[in-house]
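Colleague: Starting from the known structure of chain L, fit chain E onto it as the hints suggest.
Chains L and E, in that order, are what the protein sequence lines are. According to UniProt numbering, the stretch in the first sequence is residues 1 to 331, in order. According to UniProt numbering, the stretch in the second sequence is residues 1 to 331, in order.
Think of the hints as simulated: they come from the structure by calculation, not from any bench. Some clues are possibly wrong.
If chains are identical, the list can't say which one is meant, so a pair holds when it fits in one copy or spans any two.
[To be verified] Under the rule of at most 30 Å between Cα atoms (straight-line distance), these lysine-lysine pairs were calculated in the DSSO-like manner:
1. K2 - K228
2. K98 - K180
3. K200 - K228
4. K228 - K92
5. K67 - K129
6. K92 - K129
7. K67 - K2
8. K129 - K251
9. K200 - K2
As a plain string of letters, each chain reads:
2 protein chains.
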Amino acid sequence: MKKFVNDPNQFVPEMLKGVALANPDTLRYVPEYNLIMRVDAPNDDRVSLVQGSGSGHEPAHAMIVGKGMLDAACPGDVFSAPPMDYVLETSKMLASPKGVLHIINNYTGDRMAFDMGKELAEAEGVQIKTLLVDDDVAVADSTYTIGRRGVAGNFFVIKVVGAAAEQGADIDELVRLGEKVNSVTRTMGMALTSCTPPAKGSPLFDLGDDEMEMGVGIHGEPGRRREKLADANTIVDELLEAVVTDLPYKKGDDVALMINGLGGTPIGELYILYGRAFEQLEARGIHVRRNYVGEYCTSLDMAGASLTLVKLDDEIVNGLSAPADIAIRTF
Amino acid sequence: MKKFVNDPNQFVPEMLKGVALANPDTLRYVPEYNLIMRVDAPNDDRVSLVQGSGSGHEPAHAMIVGKGMLDAACPGDVFSAPPMDYVLETSKMLASPKGVLHIINNYTGDRMAFDMGKELAEAEGVQIKTLLVDDDVAVADSTYTIGRRGVAGNFFVIKVVGAAAEQGADIDELVRLGEKVNSVTRTMGMALTSCTPPAKGSPLFDLGDDEMEMGVGIHGEPGRRREKLADANTIVDELLEAVVTDLPYKKGDDVALMINGLGGTPIGELYILYGRAFEQLEARGIHVRRNYVGEYCTSLDMAGASLTLVKLDDEIVNGLSAPADIAIRTF
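So that you can see chain L by itself, here it is in the shape it has in the complex (with noise of 0.2 Å):
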């Protein structure tokens, strides 16, 4: 296993210890519950906005805590949900007047981990609402999900909405925002090679040197199909084809793309799919205005990309351009 590790099953700790160092002026990590937070929640004028899902996706969730994103993450082991403990704790160290927010990717273990850890949580007097994301247009059901997965596009749904959030939008202003973002954005992604979980210490799946997955799931879980590896152009084509037809995105439509890599492929590749993302795009008149292109939610080491459209308005626009402060600091 070709990894920076020391004990595997210390990984995601080290991992989340290293972020808080990182920036101690505005994050707090409580290892209990494997908790990244905003040291300025909760606050009392704005909802909670907490993320778990499993680890292996960074940034997401851990790396994008921080003002006009989320309020904290408290994600469980690589590729697994967190306990329901951690979403309760989680949940009642968060807890604003104004409410919590839950915002889930659809996968079984994770909607059982909240769902467990809402009910424990309210009754303890904690105002909680759920926002589920479901933007993989791959498969109808899958491996560890009933209905869509949830993808890359969470990044969308989670920025417009803690936008809001800091300007003190109530919560359920906030589900509707969620819903309405979730709801023009899709996703497809691929890949070209398996990834190796740290306790594994072995590639997930096999995959033969002149094979590639189309429609891969984030924890590698199987897509549409297996096929003969192709060139960059014609993958861009199969992806934007399945993604433009989903909603459907229509000529005329302005749309945000992002080019997501997996977390093996180098951000040189994810330019030459943008560039023909974008020439493919406005070769059917969908104008795309806002583009995202390098790592949001990938799978460990995997090599592979998705690619994903939202579909603009004013109020999403708004919610994408508003300014945000998290734990990766670029340039």
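Modeller: Here is chain E on its own, set in the frame of chain L:
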């Protein structure tokens, strides 16, 4: 080869085109010279900052062109210096009455291309000075280098010089400032895996499943030695010892710490390295005041990382704190 690529010979142009398409309001792409430049350059009130070097190190340097950073990058092909006519034509197009500053990582090929390009451009009336970056402590001379190599530390030189250029500093002042930053910046990197250049289609060098290369260069050049694969803490401690003792950084120093991923390593692992490095520096009485965790100067899809320290003073902190608006828009 598990890469997003069409024609390997078009890898760099297609990448650069993607960068330009993603930044239509701020960047201009001149395909003839692999040139990415700011649309508002040259500017009469600002020295123009130009970097060349090979491709395959993204985001360095085509993706760090923008306000507060570079005015232009004219990269060569993957791991190849730009042809001298790229340097010549870029220098002419970027000619400002305040001059053009070439920022060069210390590799023989790059120095030759820039020296010749400079001479030819000067003959046409362009005022040019040169800033050399050589932060890599791993080896004294190397495969492609007489003297030390320039690696990820060049980010700090560009950031501080870029901030001063934006304020209208003259070219001699920029040279003084850049040489000062370079003189207090030290880096060492290591590889867990090789990388695969698109045109070669196979790994650049062989590294056993139980091996790592300490002190590797960003083109896969051999480092200090090949060792048995070690855990994350051991790797950090070895990099840190090499870097700290080189300047040396001393008890009471304030530093910036960069953990730079080499392209194939996910950001979660980089934060594990960061946590260890931070704690070990504190134990030495060296205080980390600014941190940079992510990909800054990569080697295609190489799994690995480098560690950079910069000794801080007020002047350098001011430059690092200044705003920058570059091609990579993260959140």
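Colleague: For each hint, tell me whether it holds in the structure or not.
Modeller: Quick rundown of the hints versus the structure:
1. K2 - K228: For K2 and K228, both the intra-copy (26 Å) and inter-copy (12 Å) Cα distances are at most 30 Å.
2. K98 - K180: Result: close within a single copy only, 21 Å intra versus 51 Å inter.
3. K200 - K228: both (27 Å within a copy, 20 Å between copies)
4. K228 - K92: neither (49 Å within a copy, 46 Å between copies)
5. K67 - K129: within (20 Å within a copy, 42 Å between copies)
6. K92 - K129: within (13 Å within a copy, 60 Å between copies)
7. K67 - K2: neither (35 Å within a copy, 37 Å between copies)
8. K129 - K251: Neither, since 36 Å and 50 Å both go past 30 Å.
9. K200 - K2: Both: 12 Å inside a copy, 22 Å across copies.
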